[in-house]
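Visitor: Listed in order, the protein sequences are those of chains A and B. For the first sequence, the residue numbers in this note's numbering are 1 to 281. For the second sequence, the residue numbers in this note's numbering are 1 to 271.
Don't read these hints as lab results, they were simulated from the structure. Glycine included, every Cβ here is placed at the ideal spot set by N, Cα and C. Treat each hint with caution, since some may be false.
[What the hints assert, rightly or not] In silico BS3-like pairs for lysine-lysine, Cα to Cα no more than 27 Å straight-line:
no. : chain 1 : residue 1 : chain 2 : residue 2
1   : B       : LYS36     : A       : LYS145
2   : B       : LYS2      : A       : LYS96
3   : A       : LYS91     : B       : LYS2
4   : A       : LYS276    : B       : LYS196
5   : B       : LYS196    : A       : LYS93
6   : B       : LYS196    : A       : LYS96
[Unchecked claim] Ranges of calculated distance between the beta carbons of each label pair, as one might list FRET restraints:
no. : chain 1 : residue 1 : chain 2 : residue 2 : range
7   : B       : ASP108    : A       : GLY230    : 41 to 47 Å
8   : A       : ILE15     : B       : ASP108    : 15 to 21 Å
9   : A       : ARG52     : B       : ASP166    : 51 to 57 Å
10  : A       : ILE144    : B       : LEU79     : 39 to 45 Å
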Amino acid sequence: MVKHARYLLLLPGLITFIFFLVAPLLIIVMMSLYTPVWPGYTTDLTLQNYIRYITARQFPTLLSNTFFTSLLASAICLMIGFPFAYCYSFKIKSEKARNYITMFLLAPFLIDWTIRSVAWISILGDQGFMNSILLSMGVIGEPIKVLFTPTALFIIWVQTNLLFMIFPMNLALGRMNPEVIDAAKVLKAPPYRVFYEIIFKLALPGIICGFIFVFVGTISDYITPSLWAGGMQTIGLSVSTYATQFLWPQASAGGIILLIVSMAVLYILLKVVDIKKLVYE
Amino acid sequence: MKRTDILARVFMVLVFVVLYLPTIFLIALSFNTSAKITFPIQGFTLDWYAGPLKPYEMNPSYIPIIHDWQFWNAVMISLRVSGITAVLTCGLVTLTALSLRYRLVGRDILFYIFLLGFVTPGVLVGLGNLLLFRILDITITEWNMIALDTIYASSFGFILMMSRFDPDLMLYEYTAAALRVGPLRVFRHITLPLIKWEVLSAGILGFLLSWGELIRSLWVVRGTGTVSIFLFVNLGVYPLTTKWFAAGTLLAVVSIAGLMVMATILSRGAK
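Isolated chain A, as found in the complex:
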């Protein structure tokens, strides 16, 4: 009876996920195999949508813009996020202070994405704060172009996604028993070995989890690159463009290719570490 109740508890979540997530994904898979016939499609199955997408002249650019920018943004978030999570877990002792730090990390999220992004214009724009100061000091002769370049994209992405990197790492580091580190120190292990063999290895599930969160968050964001990186073309943007023209099979094929790219990265990352360890093992 109790055992059955455990399965019953799963039902609401499972039904919701199957209806709003699994079923839509299956529909996209089917749609990507349909034959496009203007102004709609027929249900004859074909691989032409994929072949056309992959053999298109702009595909390598789309793929590299989508894949490498997300990978780089995730790496930057990791480089900033790991030291932050380390300081949070080992240097801040007061529970109260930790709660306030968590809340201050969350606060920028409640400011709308559009407003948060356009606020950078006041800092990085041609007539923004940075250029005004540098021009008035005579350091530069003309404004430095930062907005609408990949630099602006990374600044906005790091600001938006850093939280997703820090949270799982905080969880992993928070679970660490500090006595393990003390024991290593007593045994005269050099600091770099304590860091690598204990802290880094025990935090690895959190690091991978954070990396996945940021990578997936950035790879599916087609709006920021198109607006803030000078109209950078990505797979997500192409999916959106096809969809606005009601070219559903082509949009679906692009979407599945995006899913394959992100799943390939996730597969490699999950091979390195078992994410389940962070959750229930």
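Got chain A; can you put chain B on it based on the hints?
Guide: Chain B only, in chain A's frame:
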């Protein structure tokens, strides 16, 4: 205090400066008399917030925020969508996490299904739902946005909640059950008090993720939409003026105040 401790704190402060730099400028420039987002600041005014409504002013970029009923309509929709998402996320995450603590048949598969909500690119979730509702001929309403936001927030909340469970929780539950206490009483008197902060955190997360959601919601929006969609659409059509910074400042101040209250409550309840 050790040198490393000081360095650690300086680093954390620097990260916060980068995170909050746009917000600081957003607030400062929202009081600028000039409509242009440029430096130096021309003068101080509250007109972008509560100035008089000029007759025949049709461009939303120049209508003071207090008179912009479409903005307030979007705020109300956002509050409704995010509030319902928070409640649904709390419920789904709690039930799922409590169930998946046990070694159920197919637990790993179920785990990956729940993880799918976060790892699937948002553009796919949005497109898939749009196609699903077109095929089923279901009219798209606010509830579609709520469903998409709940899926997204539940995946994330599920991982966070499960990894924060008290390791001894199951032991207490087994002990109570061995003493023949009914499952509902066990849940009410043992489980819930021990996980209430995790449940609350899942709710906050649901609210936050829903509030800022754009990529998924854009596919299933009808009418004004949430604040995110309203601002995104308006700034794509109308010029960026100080009025939009005033709107952002209002949202920022209310959010930070709300989170401060939440931090105070959580500090009191911290184990």
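Visitor: Indicate, hint by hint, whether the structure satisfies it.
Guide: Structure-based check of each hint:
no.	hint	in the structure
1	B:LYS36 - A:LYS145	holds, 19 Å
2	B:LYS2 - A:LYS96	holds, 21 Å
3	A:LYS91 - B:LYS2	holds, 10 Å
4	A:LYS276 - B:LYS196	holds, 23 Å
5	B:LYS196 - A:LYS93	holds, 23 Å
6	B:LYS196 - A:LYS96	holds, 18 Å
7	B:ASP108 - A:GLY230: 41 to 47 Å	holds, 43 Å
8	A:ILE15 - B:ASP108: 15 to 21 Å	holds, 20 Å
9	A:ARG52 - B:ASP166: 51 to 57 Å	holds, 54 Å
10	A:ILE144 - B:LEU79: 39 to 45 Å	holds, 40 Å
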